[in-house]
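Trainee: Chains as they are written, first to last, in our numbering: chain A, 1 to 110; chain B, 1 to 111.
In short, the hints are calculated from the structure, not lab data. Treat the hints loosely; a few may be bogus.
[Unchecked claim] No more than 27 Å apart at the CA atoms, straight line, and that leaves these computed lysine-lysine pairs for DSS-like:
id: 1; chain 1: A; residue 1: Lys42; chain 2: A; residue 2: Lys97
id: 2; chain 1: A; residue 1: Lys42; chain 2: B; residue 2: Lys38
id: 3; chain 1: A; residue 1: Lys42; chain 2: B; residue 2: Lys44
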Amino acid sequence: KQEVTQIPAALSVPEGENLVLNCSFTDSAIYNLQWFRQDPGKGLTSLLLIQSSQREQTSGRLNASLDKSSGRSTLYIAASQPGDSATYLCAVKGFNKFYFGSGTKLNVKP
Amino acid sequence: DAMVIQNPRYQVTQFGKPVTLSCSQTLNHNVMYWYQQKSSQAPKLLFHYYDKDFNNEADTPDNFQSRRPNTSFCFLDIRSPGLGDAAMYLCATSIPGGELFFGSGTQLSVL
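Isolated chain A, as found in the complex (with noise of 0.2 Å):
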């Protein structure tokens, strides 16, 4: 069965640092891998989908890379900024389902 990480849990930074979060996951039999942010009692928005073929997608001050072969994709985030603290999880997609991880809750200090 497929098994998602996000390490770390939490990150509190000051704002304009630019950071990475990292996901792993144990099979790399994967379609696709999705980033999104979630707020404190919200849904989840997507960020970034990045299918099994590509290394990489970005979207503004966004990066995020995939290693396929390695089982793991980073979030790059250029000049953080107060408005980005959210809790960010990733999810892949085997055959028919996704499977995520719990997140990792990010803080920008102004």
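Here the structure of chain A is known, so what remains is to put chain B in place on it, guided by the hints.
Mentor: Frame of chain A, contents of chain B only:
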């Protein structure tokens, strides 16, 4: 222009009193999912529909049922809510191999 809409946003029910949560979508996606999420945990898949085909997770309690009367709508019925069923319930849609889109969720409280 919300694409996956969940109602209500907050739902309070009494212990043992049946409750129904609803989800609608304007994306015309053929796959719809229901997830349960408790505080600081990963979303847990309860079941999903591929078109009209219902797929139940092995560990989803019998207390949870679902209906999908058409492509646009999907309902989650909790027949006899217990205190442990208090959680955020998330509806999501996708096309096969595609991106997952979530609604805003329904926060269920059980008194």
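Trainee: Need the list of violated hint numbers for this structure, in ascending order.
Mentor: Violated hints: none; all satisfied.
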